[in-house]
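**Student:** Given next are the chains, with one letter for each unit.
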Amino acid sequence: MVTIETFGLEKTYRVGFWRRKPKLALRPLTLSVNEGEIFGYLGPNGAGKTTTLKLLMGLAEPSSGGCKILGGRISDPAVRAQIGFLPEQPYFYDHLTPLELLNYFAALSAVPAKDRTRRIDAALKRVGLDEDAWATQLRKFSKGMLQRVGLAQAILHEPKLIILDEPMSGLDPMGRREVRDLIEELNHEGRTIFFSTHILSDAEALCDRVAILNRGELKGVGVVADLVGSVNGNVEIMWHGAEAASAIRARGFEVHAVGETVRAVVPESEVDRVIDTLRTQRAKLVSVTPMRTTLEDYFVAKIGGPAEVAR
Amino acid sequence: MTRRIGAIAFNTFREAVRDRVLYNLIIFAFLMIGASLLLGQITIGVERQLLINLGLTAISIFGVLIAIFIGIGLVSKEIDKRTLYTVLTRPVQRWEFIVGKFFGLVGTLVVNAGLMTLGFFIALMYLMHGLQSSDTSILAAIYFILLEFMMVTAIALLLSSFSTPIESAVLTFAIFVVGSFSEDLRNFAESAKGSTHYAALAFSYLIPNFAAMNYIAPVAHGSPVPANLIAYNTAYGLLYAGAVVCAASLIFQNRNLK
Amino acid sequence: MKERSQHAVSLALTALIVVTFAGSAWALHRLQQARPNANLEDVLYIPSAKTLKRMSLGYDGLLADIYWTRAVQYFGDKHRRRALGYPLLYPLLDITTELDPHLIVAYRFGATFLAQQPPDGAGQPERAVQLIETGIRNNPDNWRLYFDLGFVYSMNLQDYQAAANAFLRGSELPHTHPFLRIMAAQMAQHGGELQTARMLWQATYNSTDDVAIKANAKLHLQALDVDETVPKLEELVKDYRDKTGTQPTSFFPLVQAGLLPRVPTDPLGMPYKLFPDGHVEVQDPQAWSFIRQGLPPDTGTRLPAKP
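Protein chains in written order, with this note's numbering: chain S, 1347 to 1657; chain D, 968 to 1225; chain Y, 587 to 893.
Don't take every hint at face value.
To give an idea of the interface, some chain D residues facing chain Y are shown, with a C-beta separation under 7 Å as derived from the structure [stated by the list, open to error]:
(1) Phe1140
(2) Asn1154
(3) Ile1174
(4) Asn1176
(5) Ala1179
(6) Leu1196
(7) Tyr1199
(8) Ala1202
(9) Tyr1203
(10) Leu1206
(11) Tyr1207
(12) Gly1209
(13) Ala1210
(14) Ala1214
(15) Ser1216
(16) Gln1220
Think of the hints as simulated: they come from the structure by calculation, not from any bench. Ideal Cβ placement from N, Cα and C applies to all residues, glycine included.
Bound-form chain S, shown alone (with noise of 0.2 Å):
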């Protein structure tokens, strides 16, 4: 089953003074996204991801086009409950604790009540949110905390479909590695994942298939296994030895030295030979490694020119 579908989605803004100049956020966008993917919306910053976003979630109004979100409309409040949002930045009332936020969220999301203690304890701990900050007032989270407040309201009705923008901002690399896990476990429960970035890694490792849009335009759609990985002609071989270096050098091969290491890249085709000359010179050999293409090589090829990109 699809879960996301959009027609041509588009959104023009009218900006200027008399508002008359129009500015074009998103082209005509059509995407799907089946059941069950993790689906990775990739760009730039400024590129539109967090406009698509509002408009599938129903935050503002398309110029044209439109989309079906799990089999109906957003505007229907049934689809609504079965859908878990995350905004970017997400800020909340200053002066409640998580619990009574969740408390009130989980009203409006319709748990019931004898169910919502156990759910927002659940959900706190799933996005692992110290306990003593249970009952601490909101004004005084970190940005970092604020995310995991922000991920535990996104799963705490258990909805079908998530969608994240920008899910790892804000948090440090152990906290992104906390919630990449805890979106592997969200979609090992059988949940449709759809999230923004801009960190390539992240997409690379989670990822079903992902959509790169740049300056509102979609420019690729693929999947990620098809994408990375394949051999790309290129070697890449490590040894310890570096007046051998001048000698592979002298060949016409990138070759890099610090200290005693040197690493070097060459064509499949001449690796045998690389090899030979590096034995003659007594190097010692410390690997060879076919490189593969990876998501960041996809991304530049789509977008044509210098991308932003974060390891």
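The hints should help you fit chains D and Y onto chain S, whose structure is shown.
**Tutor:** Quick look at chains D and Y alone, frame taken from chain S:
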């Protein structure tokens, strides 16, 4: 549906009560009531009248200020700070959100008015060394003030559903001031001719008429409150606030969030 | 793209807005009927103008303007309905001038409309004097106020001595109108006469810019014209009868006899009516507020007391 509205109302109330602005304004109201006690000592024989006039006016003005300060936070601030996103993406209708906010704030104002009324009656008891039966008419005047609060809240809500916090605050206060003089506006309308007459008349019905609802001066003088006045004021307050809240819902229903 | 359900909600809300707003307008209408003068009530209940000033928190000027506007509209409204009294006029003017002691026009308005008899005024000349004296206290160099004071004493209270005193006080100011000295003298000898009245009303007309006061003065001047002309016409008719022995039934014979240049008309342009018994009337007595002559003989209550 009512459960969700109730949840939103309660949350609004809780958030308002924990906001420190509230307490500052209540303290100011108490100060004003205290000051009017002192002022009364200067003029002989009219202390009670002065206390009631000034005290109830203080409750009225500070209540309106509270309505504005918290009212603008109802929607404008929520849109600004994006706390709204995780609420509206739940199975909540946009109009339920507005209505819940409205009830939450009205609840806050009732509690505030209650506190200020308590302070007022303490001052009155201190001054008159006890209460008299005619003091019940003061409660009726305070009830009318509460109806005014309800209308101001609705207006603050309407304005904040499409303008920035500062704009809504200023406009709401301006409407409150104009509404207090709307009787004069109506007089002007009646003596004007032609299109000015109709325009002014329409405008005088559009803005809330606080002058007609204000019963502070007669009550300070000891006059009782006629029952039909209570009925008409209640009807006017409820219907007007209702219309404005519906308008706010309509606007909010169709709004794009940034 | 909007959903049908969203359209339905919008439609329902719009309908609700119309219904509730109409309902509120109805309730407001009933409310205003029950309290016809809500904004004037505080005038009744305020203990004194001084107390109000204290409570005005410094916005005296604004409040003065508001109360001045209310005073004018109160009078205009009631005057249109030919009221028999204007009880709130003095309190309103009192508050206005308490809040803004230098609002001269308010004192002058009171001088005219507090002193005149109903339905054209409150019939409270003593209050008028009180107000003007306050005005003089606050604006001792304004000769117009002394003029008004003398005016009220002369025209409404028939106290020619007091009037002369007032004019005299005014004539001694550094910046005054020479007219005041003339009026002081006039009072002494010709207090109640028509000529004096004409001078006073003409001076009132010339010395103000306020539309209401000017219009009122003009009406008085026209009335004085009638008061002067009617007895003269009746004299001429008597002369004619004495000379010719016949009672004329119109003015034509008098014109033919050379006693009159043409058929006489009143200041409104309507010809005077001559009756068989020799008395003269204006065409339309209803059109005149202040005349004492030229009225039908049976208008008993209409005639104010003669000086």
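**Student:** Work down the list of hints and note, for each, if the structure agrees.
**Tutor:** Results for each hint:
Proximity of Phe1140/D to chain Y is violated relative to the hint, the smallest CB-CB distance being about 15 Å (cut-off 7 Å). Interface hint status for Asn1154/D: upheld, as the beta-carbon distance to the closest one in chain Y is roughly 5 Å, under 7 Å. Because the beta carbon of Ile1174/D sits about 11 Å from the nearest beta carbon in chain Y, more than 7 Å, this interface hint is broken. Using the Cβ-Cβ criterion of 7 Å, the hint placing Asn1176/D at the interface with chain Y is satisfied: the shortest such distance is roughly 6 Å.
The criterion of a C-beta within 7 Å of any C-beta in chain Y is met by Ala1179/D, whose closest approach is roughly 5 Å, and the hint holds. About 6 Å separates the beta-carbon of Leu1196/D from the nearest beta-carbon of chain Y, less than 7 Å, and the hint is met. The restraint placing Tyr1199/D at the interface with chain Y holds, with a minimum CB-CB distance near 4 Å, inside the 7 Å limit. With its C-beta approaching chain Y no nearer than about 4 Å, Ala1202/D sits inside the 7 Å limit, and its interface hint holds.
The interface hint given for Tyr1203/D holds, since its Cβ lies 4 Å from the closest Cβ of chain Y, which is under the 7 Å cut-off. Because the closest C-beta pair between Leu1206/D and chain Y is about 4 Å apart, less than 7 Å, the hint holds. Hint status for Tyr1207/D: holds, given a least beta-carbon distance of 4 Å to chain Y, under 7 Å. The interface hint given for Gly1209/D is met, as the beta carbon of that residue sits about 4 Å from the closest beta carbon of chain Y, less than 7 Å.
Interface restraint check: Ala1210/D against chain Y, minimum CB-CB distance 4 Å, threshold 7 Å, status holds. The restraint placing Ala1214/D at the interface with chain Y holds, with a minimum CB-CB distance near 5 Å, inside the 7 Å limit. The restraint placing Ser1216/D at the interface with chain Y holds, with a minimum CB-CB distance near 5 Å, inside the 7 Å limit. Because the beta carbon of Gln1220/D sits about 6 Å from the nearest beta carbon in chain Y, less than 7 Å, this interface hint is met.
Checked against the numbered hints above, the structure violates hints 1 and 3; every other hint is satisfied.
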